[in-house]
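Residue strings, one per chain:
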Amino acid sequence: MQILRFLQHWLMGRGVCLQVVDFVPVTHPLRQWAETFPWAALVAAVDRSFARRFPKPTTRGRPPVSTRVLLALELLKHELVCSDAQICSRLRTDVAVMYACGIRAVQVDGSQEHFVLPEVLAHFRSRLDGSLMEELLAIQAATAMAEGLVSPAHLVVDTFPSEQGSQRVNDAATLYKAQQKSSSSSPP
Amino acid sequence: MRRFGRQCRGMGKVFVTLVRQTETQLLARGHQVLPLARAVHACWHSMMQLSEDQRARLGIQLTAALKAHQRIEYQARRLTQGKALTHCKIVSAYDPTIAPICKGKSHCPAQFGRKPGMIAEPAAGFIVALHLPVGNPSDVSYVQPLVDKVEQAIARSAMYPRPAIHSLAGALAFNDASLREALHQQGILTVGSPHTVDPLPPSPTPADVLRLLSEGDLPRARTPCQVHLAYASGYSRPMVESIMASLLGRGAARLTYKGQRGAIVQTGMAVMAHNAATLVRIHEYRLSKRARTFRRRLRLRGRKVNQGNASIN
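Respectively, the protein sequence lines represent chains A and B.
All letters in the first sequence, in the order written, are residues 1 to 188 by my numbering.
All letters in the second sequence, in the order written, are residues 1 to 313 by my numbering.
Looking at chain A on its own, in the form it has when it is part of the complex (with noise of 0.2 angstroms):
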């Protein structure tokens, strides 16, 4: 109910109630690897961090984008090694997508271009900190742990090399263009 309160601006179209549910068997791989998350628990620490790190002047305006939905599109964009435009694309259009970031039911509007915008991602993943990841991964080991999926008993520990890569769009870019994407759209 949350999440239907946050996104109301573009679930609560008029146009056919589309059931996500209905579309995604149990058996889709994404479905399974999305029941896997504990996401009440995720959610809960990240609100937490970013209400003691960036406090909000005051509740007027339009509520924001579910933390769950934005969580589970920057996993998502891991998973399936998406960009932010194609993971935020891809959420407009498939339904598996809709279903691993908690959505359940759709109001189709074809005029619709999106539900979430790239720019937010990058906004949203701006405010993630390490302090806030290394939570995140305890409470995913510490859920694992609690279900007896997994046992710290016996551990193996290494290092792996990573990189430095170059961003093609990078955050700043995407924000950038949204910014005057914004002010030529806006009225003068």
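No lab work stands behind these hints: they were computed from the structure.
Owing to the predicted nature of the structure, the values given are computational and were not obtained by experimental measurement.
Be a bit skeptical, because a hint or two may be false.
Claimed, not checked - Derived DEER-like restraints, expressed as beta-carbon distance ranges: (1) B:T22 with A:F54: 36 to 44 angstroms; (2) A:D22 with B:D208: 55 to 63 angstroms; (3) B:S242 with A:A44: 28 to 36 angstroms; (4) A:R60 with B:H31: 46 to 54 angstroms; (5) A:R60 with B:T293: 32 to 40 angstroms.
Claimed, not checked - With a Cα cut of at most 30 angstroms, we get these calculated DSS-like pairs of lysine-lysine: (6) B:K67 with A:K181; (7) B:K149 with B:K258; (8) A:K177 with B:K258; (9) B:K258 with A:K56; (10) B:K258 with B:K67.
For each residue, glycine too, the CB sits at the ideal point set by N, CA and C.
With chain A held as given, fit chain B onto it using these hints.
Then chain B, alone, in the frame of chain A:
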């Protein structure tokens, strides 16, 4: 891809010459900027038309610009012609946390980037914790922070009785006497970490078990059965490589997000996506024979994937 220089270990001169040339250019520009920056600093307080916020913002920018030059100047003084760069030298003027990776590349160009460390359970490859330090420190320095993070995860799980780390396996790079001693003091066996390049024995003799338990002064903390399990779950290069391949396939091969924070976010997300895929494999019991045997001996269970978290989505 940021790489240059050494086609093999004997060509260190190319490495040094290229860095020297780049440094000379940067230092020449920096020397022109330095007097101007000092002049600005001198008349800083007399500019009454600037507000406090503006003054603070400009002050931060000026200090950052001066620091960048100081770092390069410091490195230029330390560099010696004819010697290869050691760890933690600046290789990018835009991101001083990037370092050359001198690991497992005997006949390849040196890579620039980072070296994340992971601690995983060897049965299915679930990564319990990740550590990504600044620069390129030795592998030994990764172990204690990783063990601490695992302890934090265990504490978070709120399980009773609380699970403990019985053994820790690693490559030859983790062979350090002080590290072994520190782990033994925490009640952790190090039988999976080799002392030499000789292969580890597949199973210990009863005499080996007694020797290992008395070596680490662990006869009360650990049992012979746990030593046998630790041997069984010792360091296995194919298993570690499979975890790395999974991570590299999920975007950890090339760090595209900027800075240290960006690297942590990107690697962390790749690890979480990998862990979710691992849990799916556990649920479906798509595991190797070794992993199945190991899980059976640890009494770990599998379950249907769609029965668990459906309610919390």
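A quick look at each hint next to the structure:
no., hint, result
1, B:T22 with A:F54: 36 to 44 angstroms, "38 angstroms, holds"
2, A:D22 with B:D208: 55 to 63 angstroms, "59 angstroms, holds"
3, B:S242 with A:A44: 28 to 36 angstroms, "33 angstroms, holds"
4, A:R60 with B:H31: 46 to 54 angstroms, "52 angstroms, holds"
5, A:R60 with B:T293: 32 to 40 angstroms, "60 angstroms, violated"
6, B:K67 with A:K181, "35 angstroms, violated"
7, B:K149 with B:K258, "24 angstroms, holds"
8, A:K177 with B:K258, "18 angstroms, holds"
9, B:K258 with A:K56, "26 angstroms, holds"
10, B:K258 with B:K67, "19 angstroms, holds"
Checked against the numbered hints above, the structure breaks hints 5 and 6 and satisfies the rest.
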